[in-house]
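The hints should help you fit chain B onto chain A, whose structure is shown.
Protein chains in written order, with the numbering used here: chain A, 1 to 260; chain B, 261 to 646.
No lab work stands behind these hints, which were simulated from the structure alone.
What you were told as hints is all true, and nothing was included just to trick you.
Straight line, CA to CA, 20 Å or less: simulated SDA-like cross-link-like pairs of lysine to any residue:
1. A:K236 <-> B:I541
2. B:K521 <-> A:N29
3. A:K196 <-> B:E319
4. A:K48 <-> A:P183
5. B:K532 <-> A:R232
6. A:K218 <-> A:E24
7. B:K532 <-> A:V235
8. A:K104 <-> A:P211
9. A:K18 <-> B:K532
10. A:K196 <-> B:F267
11. B:K451 <-> B:N481
12. A:K231 <-> B:K543
13. A:K231 <-> A:L25
14. B:K521 <-> B:K532
15. A:K106 <-> A:E131
Output of the computed footprint for chain B on chain A, the stretches with three or more beta carbons under 8 Å from beta carbons of chain B:
16. 63-70
17. 188-194
Quantities reported herein were computed from a predicted structural model and do not represent experimental measurements.
By construction, the Cβ of each residue, glycine as well, lies at the ideal position given by its N, Cα and C atoms.
Spelled out from the first residue to the last, the chains are:
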Amino acid sequence: MEIFVLVKQVPDPEAMIKVKSDSELDIENRYFTNFFDEIAIEAAIRMKEKFGGKVTVLTVDNHRVDALRRGISMGADEAIQITDPLLEEANPFAISRAIASYLKDKPFDLILAGRQAMDDDAGIVGPAVAELLEIPHVNAIVSLEIDPQKKEALVRREVEEGKEIIACSLPALFTCQKGLCSPRIPQVLNVMKAMKAQIKKLDIKSLGLNPNEILGLKDIIKIKNYISPPKRPPVKMIKEDFPENVKILVKLLREEAKVI
Amino acid sequence: MALDFTFTEEQEFFRQTVRDVVNRLIMPRVKELDEKEEFPWDLWREFASLGYLGIRHEEKYGGMALDTISQMIFYEELARGSCGFAMSVIMQVLMGTYFIARFGNEEIKQRILVPAIKGEKIGTICFTEDQSGSDLAGTRTLATKVPGGWRINGRKQWITNGPIADFTTVMATVDPKLGLKGLNFFLVEKKTSERDGFVVGQRLHKIGSRCSVTSELIYDNVFIPEENFLGEEIGKGVQYAAEILNEVRVMTAMNALAIAKNAMDDAREYAKNRIAFGNPISKYQLIREKFAKYWAWYEASWNYAYKCAWMIQNKIPCTNECMLAKYFATEMCMYAVEEAMRIYGGNAFSTEYPPQRYWRDAKFLLYGGGTHEVLCDYLGRVFLKD
Numbered sequence: 001m002e003i004f005v006l007v008k009q010v011p012d013p014e015a016m017i018k019v020k021s022d023s024e025l026d027i028e029n030r031y032f033t034n035f036f037d038e039i040a041i042e043a044a045i046r047m048k049e050k051f052g053g054k055v056t057v058l059t060v061d062n063h064r065v066d067a068l069r070r071g072i073s074m075g076a077d078e079a080i081q082i083t084d085p086l087l088e089e090a091n092p093f094a095i096s097r098a099i100a101s102y103l104k105d106k107p108f109d110l111i112l113a114g115r116q117a118m119d120d121d122a123g124i125v126g127p128a129v130a131e132l133l134e135i136p137h138v139n140a141i142v143s144l145e146i147d148p149q150k151k152e153a154l155v156r157r158e159v160e161e162g163k164e165i166i167a168c169s170l171p172a173l174f175t176c177q178k179g180l181c182s183p184r185i186p187q188v189l190n191v192m193k194a195m196k197a198q199i200k201k202l203d204i205k206s207l208g209l210n211p212n213e214i215l216g217l218k219d220i221i222k223i224k225n226y227i228s229p230p231k232r233p234p235v236k237m238i239k240e241d242f243p244e245n246v247k248i249l250v251k252l253l254r255e256e257a258k259v260i
Numbered sequence: 261m262a263l264d265f266t267f268t269e270e271q272e273f274f275r276q277t278v279r280d281v282v283n284r285l286i287m288p289r290v291k292e293l294d295e296k297e298e299f300p301w302d303l304w305r306e307f308a309s310l311g312y313l314g315i316r317h318e319e320k321y322g323g324m325a326l327d328t329i330s331q332m333i334f335y336e337e338l339a340r341g342s343c344g345f346a347m348s349v350i351m352q353v354l355m356g357t358y359f360i361a362r363f364g365n366e367e368i369k370q371r372i373l374v375p376a377i378k379g380e381k382i383g384t385i386c387f388t389e390d391q392s393g394s395d396l397a398g399t400r401t402l403a404t405k406v407p408g409g410w411r412i413n414g415r416k417q418w419i420t421n422g423p424i425a426d427f428t429t430v431m432a433t434v435d436p437k438l439g440l441k442g443l444n445f446f447l448v449e450k451k452t453s454e455r456d457g458f459v460v461g462q463r464l465h466k467i468g469s470r471c472s473v474t475s476e477l478i479y480d481n482v483f484i485p486e487e488n489f490l491g492e493e494i495g496k497g498v499q500y501a502a503e504i505l506n507e508v509r510v511m512t513a514m515n516a517l518a519i520a521k522n523a524m525d526d527a528r529e530y531a532k533n534r535i536a537f538g539n540p541i542s543k544y545q546l547i548r549e550k551f552a553k554y555w556a557w558y559e560a561s562w563n564y565a566y567k568c569a570w571m572i573q574n575k576i577p578c579t580n581e582c583m584l585a586k587y588f589a590t591e592m593c594m595y596a597v598e599e600a601m602r603i604y605g606g607n608a609f610s611t612e613y614p615p616q617r618y619w620r621d622a623k624f625l626l627y628g629g630g631t632h633e634v635l636c637d638y639l640g641r642v643f644l645k646d
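Chain B with its partners taken away, still in its complex shape:
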């Protein structure tokens, strides 16, 4: 009885509850959220008021401290609604607040984490620059030690929630020559008349995940106090990032699984109703093969992703496994959205039909947590023991 694939009764109930919230608050607005390309403040406030932004955090700060598997259930169900809204929420729940909760002092937690869990302050994390992303060693944003704190200089790109962020966890180097060993995290808040901080640069318009707003953030000689250094030792930023990367990768897999399922569930209904040559197209073998192949890959990647969630929860080392899960689920999703587009035929090319939205949203998942080229290069080396 050691191999057990069942969710607990509580986890099943939690899935049902989140699904109900998504069905009621998000599903009716999916098309509108995609078309408007604006951050849905009303939906954010309503969703935040239910308390879901605290699922990872300690109860004393207003969180739920849920187990990892339940968190993954949350990410999967949320992405089943709107991928864009899920991106904004997950940024707040996971990456945007992780280092504040891990290293922030009590004053910072009360000032930033508590309102973030209530949805009153919005956070994000900043890795990507024009010449770095998956290649973190290329980070050029500079943190310079000054009396009483640090000065941050640099530009960050592709920042989810950037235009609306109140606080950011910024990866910066203390010396570019040190490569990965020079990297650290810093808390930088938005510039106001009372406070030095970042300013919002160019807003990016995306083809998918459109209601999560994205922009460049500019750090122009920003002063931050000593306590905004998020870590125990200088130079351990990459090590700290690794703590969360497994979760980020499995979370991305969950999003991919949700999009794939949506795409193929819709395609199934379409195939059963679309008549060609006197029959529903679902009667044709080439169409059936698409569903069979998807089903096999979906089941395999879904089970593998939850296995990784289980490994994280049980503190079993699983860096390679989580990379594989992210790669596999996202590639499976690419197959599903591409085939859904083909099943819809010419109608797929119209924005009246949903597969194009799934296709556009899915592409967003290729890059976060490491591009597939970088992941595969690494995994290939590990496999070959090079």
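Chain A extracted, bound-state conformation:
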């Protein structure tokens, strides 16, 4: 099976993030592979282990390739970085176009991606790539069965009050949800391999894309402004004795906190 996995590096949940200006964030330089993308890598590696074939991890990032090395350390065979100054701060539509341009002539059975990136939570790139490639896609799958002979997949996704079971033909794109599998801890020899791995770099020109197309897509979404979450209000101490303090607490919870 030929499998591609779309990966992204996102800020570590513990990284300090501040609003620098209306359209700019100041993000501490602590990044890690998107949690849902690691699940996608693991699912792809398991498919390769079961049916043979090749797993390629792919990212669009001008600065970081750790997610690609993570993929190699987990067992992926090849890593591709799409990088171009035009893709700096690109929105999901421009990124999807770049990925689809690379994949459109490639033979593949399966594309896997995370359900969403943990930074912008947009969840757009996976489905958008599938639409551009005109292949079926199912979001947020929690199980994956493949019949390589029949070129069919059976996937499950969680819906309200139950699970939805979907059969679809391959090639297809699935985005992966927590519960599908648990990402492995890489063996150190694979870590070494990943540290030394050559990353194939591609730019807009080599993908045969018109720069104006990317520029046009970049204009689709404009960030108007970032707003910091409200600061936590100060702690209010209730000094009265029991039972008066309980009455005051209930009143505050109802009227100020509005939680009861």
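Same frame as chain A, but now just chain B:
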């Protein structure tokens, strides 16, 4: 562009990978590891199965032969998890196997080094005795030449991994009167029905680094064959030890840096949430000063420790520098854990809160690689050119 403080992309990736392993395997168990005071065999096996015990050794024995800076990254990230577990792992990775890899013949390497890298055999190094430690010249464990090999007699104390060790690298003297010039290293395995060897003496209970088990080891007229002499020439043990002491000292600095950072990162969160007199205590200047002072010292000692790692990697003589790095980082760590205890106020005195664990673990770092009194006495003499 000669002065470059950046890690390579590969080193950054390696740090991220080790951090992930520590976060997933060790962090969830830190409190339990400290409280149980037992060697965590399940964690050891799982960790060993990933291959990290071979980071220093040649690839043909199952190792990775990583560069020194990456090794230091490994030590720093590992100690960020559990200092006790880090001590056991580092003993195996660095001191416990160094002389086997350096001087052991092929049969010894296959029999001992290869399973040690897999975590199947556990090793340690034995310097300390009741009257010697930083003062190696006081070593009394005696190696006597006999036909076909050596006989070892003596008692070693404070041996990390001692109760569970399968093999030891023992420092012993061929003649106590020779002082440092009489010292040598010998490979001695555990006594079994088939093999003469050491036996485990009293187990020591420690206030910190509690999941690394420590004990006395007893060598009672143990016979070892000639090939278990680890060296090229008799009397060069101290010279051989010096080969590794720089790494040991910078490794200790890395552990100190990790503990200090843990302590002050936790203290920062505590200070921002603990309300006193109507404000988070982080709003008070005396509390802020503790963080500012720590930050300055931490940054200075972190950069200096990595400079030393870089010097070792580039084979630049740096004995004094590595002593300074160990001294500075560990003293900085003492400041950080002490101030974290104060920031937590009365809660620091409860085992429910983490600063007491950092404080207890940090104390362990004062002694290995030379006590600070011995290091400072030496460094002072060097500085004064006495």
